[in-house]
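J.: Chain residues, written in single-letter form:
Protein chains: 2
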Amino acid sequence: MTTQPALAVVGATGLVGEAFIELLADRELPIGELFVLASENSQGKTVFRGKSGLKVRNAADFDFSQVRIAVFAAGAAVAQQLAPKAAEAGALVLDLSPAFRYEPDVPLLVANVNDEQLGAAFERNLAAAADAATVQLLWALKPLADLGELVRVSVSQMQAASSSGRAGVERLARQSARLLNGLDADEGEGKQYAFNLLPVAGRLQDNGYSSEELKLMLESRRVLGQPQLAVDATCVQVPVFHGLAQSVSVQGLLPITLAQAEACWEAAPGLRMDEGGGTDSASPARHIHGEPHVRIARVREDLDGLGMLHFWTVADNIKVGAALNAVLLVEKLLKDHL
Amino acid sequence: MTTQPALAVVGATGLVGEAFIELLADRELPIGELFVLASENSQGKTVFRGKSGLKVRNAADFDFSQVRIAVFAAGAAVAQQLAPKAAEAGALVLDLSPAFRYEPDVPLLVANVNDEQLGAAFERNLAAAADAATVQLLWALKPLADLGELVRVSVSQMQAASSSGRAGVERLARQSARLLNGLDADEGEGKQYAFNLLPVAGRLQDNGYSSEELKLMLESRRVLGQPQLAVDATCVQVPVFHGLAQSVSVQGLLPITLAQAEACWEAAPGLRMDEGGGTDSASPARHIHGEPHVRIARVREDLDGLGMLHFWTVADNIKVGAALNAVLLVEKLLKDHL
Numbered sequence: 425m426t427t428q429p430a431l432a433v434v435g436a437t438g439l440v441g442e443a444f445i446e447l448l449a450d451r452e453l454p455i456g457e458l459f460v461l462a463s464e465n466s467q468g469k470t471v472f473r474g475k476s477g478l479k480v481r482n483a484a485d486f487d488f489s490q491v492r493i494a495v496f497a498a499g500a501a502v503a504q505q506l507a508p509k510a511a512e513a514g515a516l517v518l519d520l521s522p523a524f525r526y527e528p529d530v531p532l533l534v535a536n537v538n539d540e541q542l543g544a545a546f547e548r549n550l551a552a553a554a555d556a557a558t559v560q561l562l563w564a565l566k567p568l569a570d571l572g573e574l575v576r577v578s579v580s581q582m583q584a585a586s587s588s589g590r591a592g593v594e595r596l597a598r599q600s601a602r603l604l605n606g607l608d609a610d611e612g613e614g615k616q617y618a619f620n621l622l623p624v625a626g627r628l629q630d631n632g633y634s635s636e637e638l639k640l641m642l643e644s645r646r647v648l649g650q651p652q653l654a655v656d657a658t659c660v661q662v663p664v665f666h667g668l669a670q671s672v673s674v675q676g677l678l679p680i681t682l683a684q685a686e687a688c689w690e691a692a693p694g695l696r697m698d699e700g701g702g703t704d705s706a707s708p709a710r711h712i713h714g715e716p717h718v719r720i721a722r723v724r725e726d727l728d729g730l731g732m733l734h735f736w737t738v739a740d741n742i743k744v745g746a747a748l749n750a751v752l753l754v755e756k757l758l759k760d761h762l
Numbered sequence: 425m426t427t428q429p430a431l432a433v434v435g436a437t438g439l440v441g442e443a444f445i446e447l448l449a450d451r452e453l454p455i456g457e458l459f460v461l462a463s464e465n466s467q468g469k470t471v472f473r474g475k476s477g478l479k480v481r482n483a484a485d486f487d488f489s490q491v492r493i494a495v496f497a498a499g500a501a502v503a504q505q506l507a508p509k510a511a512e513a514g515a516l517v518l519d520l521s522p523a524f525r526y527e528p529d530v531p532l533l534v535a536n537v538n539d540e541q542l543g544a545a546f547e548r549n550l551a552a553a554a555d556a557a558t559v560q561l562l563w564a565l566k567p568l569a570d571l572g573e574l575v576r577v578s579v580s581q582m583q584a585a586s587s588s589g590r591a592g593v594e595r596l597a598r599q600s601a602r603l604l605n606g607l608d609a610d611e612g613e614g615k616q617y618a619f620n621l622l623p624v625a626g627r628l629q630d631n632g633y634s635s636e637e638l639k640l641m642l643e644s645r646r647v648l649g650q651p652q653l654a655v656d657a658t659c660v661q662v663p664v665f666h667g668l669a670q671s672v673s674v675q676g677l678l679p680i681t682l683a684q685a686e687a688c689w690e691a692a693p694g695l696r697m698d699e700g701g702g703t704d705s706a707s708p709a710r711h712i713h714g715e716p717h718v719r720i721a722r723v724r725e726d727l728d729g730l731g732m733l734h735f736w737t738v739a740d741n742i743k744v745g746a747a748l749n750a751v752l753l754v755e756k757l758l759k760d761h762l
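These protein sequence lines are chains A and B, in that order.
Going by our numbering, the first residue of the first sequence is number 425, and it counts up by one from there.
Going by our numbering, the first residue of the second sequence is number 425, and it counts up by one from there.
Because the hints were derived from the structure by calculation, they are not lab data.
Note that the Cβ used here is the ideal one computed from N, Cα and C, for glycine as well.
Every clue listed holds true.
Computed footprint of chain A on chain B, listed as stretches where at least three residues anywhere in the stretch have a Cβ under 8 Å from a Cβ of chain A:
(1) 572-585
(2) 600-610
(3) 627-633
(4) 649-658
(5) 661-667
(6) 725-732
All chains, full assembly: derive it from the sequences and hints.
T.: In structure tokens:
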């Protein structure tokens, strides 16, 4: 009997870390000991893996030679600091932050899309998971790209408060309650998030695009292996607690019909076609409860006969685009590489 | 001294009617007596035109031969019933509802875009103002169309509660308060509007498009006089009280540069370019206070060298797309036709 590989989760008390650990338990991955790590502030707290409570340890002091896999669900700063140390100690690091996404010798991965590149992670003991938004977009696009070459993808993305983590969720609740009580929304925070749309998500760059938009555009090209694909994105912050919605238009070299799209999406992993077109089942608030997957709705052909296809997707950015993608990558790693 | 033409407003106690009357006073239009009309329920209420209070009368009983112009700011049902009667009595009817927008002998109008067609209104004494969303879109697009032929326009539209009138605004407030107090949002109303995105605005049609999307697509083509223009739209209901936001991508026969667009928008009526790219000044909650105009922000060229231009607009759907357009059309009517 072989020993099952041990795994560490850095950022175990954050939204993504918690969701990852929950999914690990749900999917019964064959891993050995699980170490839950966070910053010094969270040391001693308890995190649950199914029914068993795990004590949170300080990530900065942890000896990563004890684990075979280290999943970093903390921010880029923590990853920059600790991931190389963990990789050096012999753990295969899967980083969910943007810290290493653009390094040419670190594979940028989306499960079921380009996870055949997982082997390249062993070069530096380092793999980067794509951003949650990229995962959501590519789970819908990959089956279409397999049908025939894509030439343009346009995305209008509406992102919830949880895209800024727990602090974003709390800010939306606080500002909403203040406004409904007749007080100023922002308490000097500068921006009104509640009952408002903010047309810049992330930092605005000199070329007029925001960091969130460029991330989605660059990652999509890289993961699909199509550096010339025309992708444009508009990312808007919306007053919703959880969930990420994308209004997508896609143009293939050949027209993509509704029937083709529906047929390939029905067989695709991580996706679920919406049945009740007129209901609110493809809305973030309704969708995020229950089983994690990307829901596709509002699929329709262009009325102008130019062969474009339009659709809408919604998913829980935390549970699906971040945590589920990471769990599926770990699953693949365990199955094919360890 | 000539007598100034008298004007009646039907639906004077609704959101659009109130905003129209306020703008009439602000812009000091040379009109004579103003009659404010509504349903029997509102009879006897008072509506203010500047500082003078006006008694609301029952529209169903009103003798429209007393006025030269009748602006209908009520729904399609009221317009269907009373507008032909008003037109018959000799009033020039400007209807803001969808009731007559698709009749070939009724001009469909957007001020400063195709108001040279106002003369055609005298055929049936009936003109239709385009929907607020169409007005917002075309105030931005017309200057670009004047530069050179447009071939494709894509719009992702985020519409506020006020697009469903006063009832929509009250529903959002009520549902938000319930959710923040730990209660179910919808009180059996079926749909959750608060803290949620609804990917169907209006009724879903057999071709997969919603009535709101088709309205925007069909009206844009008709008002621009470009029946072949490829237009696609996605309309999403967002949890914001007031304001309409559009994320727009436009492709010309020739590439449209950022510099060209900015130059023609600076001189265009009804528009204001946003200066603070990184601020929230182009967000609905910040923008809707103050002077009515469409704010354009996030203007950027495509990074793929295909000559597309992307931008974001925000405006108060009630005050700008509905009321300001109507006031400008009445102004034009008074100046050139009466």
